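> Residue numbers (this note's numbering), protein chains in the order written: chain L, 1 to 133; chain V, 1 to 133; chain Z, 1 to 133; chain F, 1 to 133; chain S, 1 to 133; chain R, 1 to 133.
FYI, nobody ran anything at the bench for these hints, they're computed from the structure.
Given the structure is predicted, the values throughout are model-derived calculations rather than measurements.
Among the clues, some could well be false.
It does not matter which identical chain is meant; a pair holds if it fits inside one copy or across any two.
[What the hints assert, rightly or not] Here are the simulated DSSO-like cross-link-like pairs (lysine-lysine), alpha carbons at most 27 Å apart as the crow flies:
no.	residue 1	residue 2
1	LYS117	LYS2
2	LYS2	LYS23
3	LYS56	LYS30
4	LYS73	LYS11
5	LYS30	LYS125
6	LYS23	LYS56
7	LYS56	LYS125
8	LYS117	LYS30
9	LYS12	LYS26
10	LYS30	LYS58
11	LYS12	LYS2
12	LYS73	LYS117
13	LYS2	LYS30
14	LYS23	LYS117
What follows is the residue order along each chain.
6 protein chains.
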Amino acid sequence: MKSERFERGSKKINELMEGADQKTIKGLGKIAPDLGNYVLEFIFGDLYSRPGLDLKTKQMLTISILATLGNAKPQLAYHINCGLNIGISREEIIDIMTHISGYAGFPAALNGVSTAKEVFAERDKEDLETKPS
Amino acid sequence: MKSERFERGSKKINELMEGADQKTIKGLGKIAPDLGNYVLEFIFGDLYSRPGLDLKTKQMLTISILATLGNAKPQLAYHINCGLNIGISREEIIDIMTHISGYAGFPAALNGVSTAKEVFAERDKEDLETKPS
Amino acid sequence: MKSERFERGSKKINELMEGADQKTIKGLGKIAPDLGNYVLEFIFGDLYSRPGLDLKTKQMLTISILATLGNAKPQLAYHINCGLNIGISREEIIDIMTHISGYAGFPAALNGVSTAKEVFAERDKEDLETKPS
Amino acid sequence: MKSERFERGSKKINELMEGADQKTIKGLGKIAPDLGNYVLEFIFGDLYSRPGLDLKTKQMLTISILATLGNAKPQLAYHINCGLNIGISREEIIDIMTHISGYAGFPAALNGVSTAKEVFAERDKEDLETKPS
Amino acid sequence: MKSERFERGSKKINELMEGADQKTIKGLGKIAPDLGNYVLEFIFGDLYSRPGLDLKTKQMLTISILATLGNAKPQLAYHINCGLNIGISREEIIDIMTHISGYAGFPAALNGVSTAKEVFAERDKEDLETKPS
Amino acid sequence: MKSERFERGSKKINELMEGADQKTIKGLGKIAPDLGNYVLEFIFGDLYSRPGLDLKTKQMLTISILATLGNAKPQLAYHINCGLNIGISREEIIDIMTHISGYAGFPAALNGVSTAKEVFAERDKEDLETKPS
Chain L
1 MKSERFERGS
11 KKINELMEGA
21 DQKTIKGLGK
31 IAPDLGNYVL
41 EFIFGDLYSR
51 PGLDLKTKQM
61 LTISILATLG
71 NAKPQLAYHI
81 NCGLNIGISR
91 EEIIDIMTHI
101 SGYAGFPAAL
111 NGVSTAKEVF
121 AERDKEDLET
131 KPS
Chain V
1 MKSERFERGS
11 KKINELMEGA
21 DQKTIKGLGK
31 IAPDLGNYVL
41 EFIFGDLYSR
51 PGLDLKTKQM
61 LTISILATLG
71 NAKPQLAYHI
81 NCGLNIGISR
91 EEIIDIMTHI
101 SGYAGFPAAL
111 NGVSTAKEVF
121 AERDKEDLET
131 KPS
Chain Z
1 MKSERFERGS
11 KKINELMEGA
21 DQKTIKGLGK
31 IAPDLGNYVL
41 EFIFGDLYSR
51 PGLDLKTKQM
61 LTISILATLG
71 NAKPQLAYHI
81 NCGLNIGISR
91 EEIIDIMTHI
101 SGYAGFPAAL
111 NGVSTAKEVF
121 AERDKEDLET
131 KPS
Chain F
1 MKSERFERGS
11 KKINELMEGA
21 DQKTIKGLGK
31 IAPDLGNYVL
41 EFIFGDLYSR
51 PGLDLKTKQM
61 LTISILATLG
71 NAKPQLAYHI
81 NCGLNIGISR
91 EEIIDIMTHI
101 SGYAGFPAAL
111 NGVSTAKEVF
121 AERDKEDLET
131 KPS
Chain S
1 MKSERFERGS
11 KKINELMEGA
21 DQKTIKGLGK
31 IAPDLGNYVL
41 EFIFGDLYSR
51 PGLDLKTKQM
61 LTISILATLG
71 NAKPQLAYHI
81 NCGLNIGISR
91 EEIIDIMTHI
101 SGYAGFPAAL
111 NGVSTAKEVF
121 AERDKEDLET
131 KPS
Chain R
1 MKSERFERGS
11 KKINELMEGA
21 DQKTIKGLGK
31 IAPDLGNYVL
41 EFIFGDLYSR
51 PGLDLKTKQM
61 LTISILATLG
71 NAKPQLAYHI
81 NCGLNIGISR
91 EEIIDIMTHI
101 SGYAGFPAAL
111 NGVSTAKEVF
121 AERDKEDLET
131 KPS
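Model the full structure from these sequences, guided by the hints.
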């Protein structure tokens, strides 16, 4: 039986991306089941479910942290997608990357834009949102 | 004669902290005058003055980026102070650090809290804001 | 009422350093209570309490990760202390730092040795262990 | 109308790689126009155009910084190409990576060599320079 | 003539992976011969050949350092392979990545698992070890 | 008996700072003797003694790498001192930090300037060089 935190995390991750709980479990459950549980329990059941900052702000922070780290491309693409799903605009994603240039340097900013570009192109193909005019 | 970007940056940095333009010039102007100019022109005249994200959001991003980098303590303390000056609450600062724990790890989060604690204590001594009850 | 994970984490952290649960709560409980809970629940109640690697191995990994990060000095000092408490020798701590030189570079290794030196000196003063001859 | 700094940056970036200003504008202009301008204005119009260090020294520094960061592969490849264009030899590129091994660790050095190798192979195909005997 | 350290390093690297000395020399010898020598002499002839920690412990440290750095994927894959060759189990590799999540953050842990997964799959294809049931 | 590489490294480190070999051995020899040897043998006996880049260029690279890493302050101060000893000017040190701002971000550049300032002040007190007018 899954814990209350796991259930709360599952619900929260699905707010950001439909069906993401199943995808996480499928991807990590076999090879690293504890780590898969921690993603749902700690990241989404604790950090994302605690009060304080609203969901959009948390998501903008996550994107800026991941772009700053610079070696977390799969996670950055994932969270850009989540951000777009909950109403962060493409322009805001690019604004975050642009702001990063001064603090984490231009390479981090440029690679962040490059990841965003790939996510945008993927979504355009899948017609998930109205293309920016 | 100072450029338009420099003047715009001076005005913007002073919104975040009164008299910060003079302090920057005093601190960097003699030893690294070009770098001092770039701080005012590029960071505050360009990044902070461009449209898009509002000032509070930009400041929260700056704080999360600096705490993620983990080796930018003087800048983090400075920008926590700026953030408090423009209406980010102490609780929100701590919320940012807490959120960071999952992505940049607990040491980055704990050291961010530690820097925030020092800034809060300094401000309590200087009576710059109402203490949280 | 504290969760079962919290209780398990308290017990585990105290295995590494007597009374460390109270010190964590005292240090973080007021300013960042959720983060304080996560330290006990996630780091010690989950990661340190899960089966698999034995305690000494986990502690050597923690020390190598913190020395590699290079910007986690308070946490590194803390975990060197914990390591010595559970039977890792001073020589092994230095062996870890020496090994790091090839992968994270000499500055990380040298700063790790420097932190270890401070911890060793502190413990010598407090007479916590037999000094190496 | 483009600023004087933009024009200066365009000219400078083209010294390093013919037509690079147009390529930058094409790549970033649509998705992140402000960031594209900053690349030309700040990186090339300010940093690369200021007096002090000569162009070759600046370029060697850029290469060492990017290889040290370790997560800036596209920028590293770009700047290795620029370096070769202005007369840095392949041997000097490899000397930089070799020197890095002691400070940023062997992985950074080895990945730097690997990026250099790809750039060299690409240039050999395009016959851009005399192959080393 | 190769130095004594080189010979010692060759022997040691081959304990971790059969024929790895020749592969290193082949890969680096032409383009970066000094760096290739340092890999064998310093990393394997010095660090891996010095007394103190046993080989398995050194290898677990190397894996945790590389996963923490986060931008050393080829080296991480290489050393996961070496670890499996000398008797570290797949479960232990995953345990290391899981432990990392708390200190270097979840992205480092998740990317470490992802690299491990690729190594495991490659080995399954080559039938190098018994598949975990 | 010390190896040839050790003797060569001792001589080289003393070119950069008089008596630095004895200081290194004194600082590391007791607590981490192997690491102390590797500093002299590998960093100064191999990297700094190999042909290719001249000493001044190597030293400028070392300074830029250490400032980029951002968590190597004692080593950065040390190598700024070495650089000044062999004829790199204070202005060139500041030029390096200024150049870094675009690639590793402003915090790395500002903290590099701050370390340089401390080294310059220390040297002014000790009257080691003519103060810049």
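> Are the hints correct? Go through all of them and say.
Comparing the hints with the structure gives:
1. LYS117 / LYS2: Only across copies: LYS117 and LYS2 sit 25 Å apart there, 37 Å inside one copy, limit 27 Å.
2. LYS2 / LYS23: within (16 Å within a copy, 32 Å between copies)
3. LYS56 / LYS30: Answer is between: at 25 Å across copies they meet the 27 Å cutoff, but 31 Å inside does not.
4. LYS73 / LYS11: Within. Shortest intra-copy distance 24 Å satisfies the 27 Å Cα cut-off; inter-copy 33 Å does not.
5. LYS30 / LYS125: Classified as between: cross-chain Cα gap 18 Å, same-chain 31 Å, threshold 27 Å.
6. LYS23 / LYS56: For LYS23 and LYS56, the Cα distance is within 27 Å only inside one copy (22 Å; across copies 34 Å).
7. LYS56 / LYS125: within (25 Å within a copy, 34 Å between copies)
8. LYS117 / LYS30: Result: close only across copies, 11 Å inter versus 32 Å intra.
9. LYS12 / LYS26: within (17 Å within a copy, 31 Å between copies)
10. LYS30 / LYS58: Answer is between; shortest inter-copy Cα gap is 22 Å, intra-copy 29 Å.
11. LYS12 / LYS2: Answer is both: 15 Å inside a copy and 23 Å across each meet the 27 Å cutoff.
12. LYS73 / LYS117: Answer is both: 12 Å inside a copy and 17 Å across each meet the 27 Å cutoff.
13. LYS2 / LYS30: For LYS2 and LYS30, the Cα distance is within 27 Å only inside one copy (16 Å; across copies 31 Å).
14. LYS23 / LYS117: Answer is both; intra-copy 23 Å and inter-copy 16 Å each pass.
Of the numbered hints stated above, none is contradicted by the structure.
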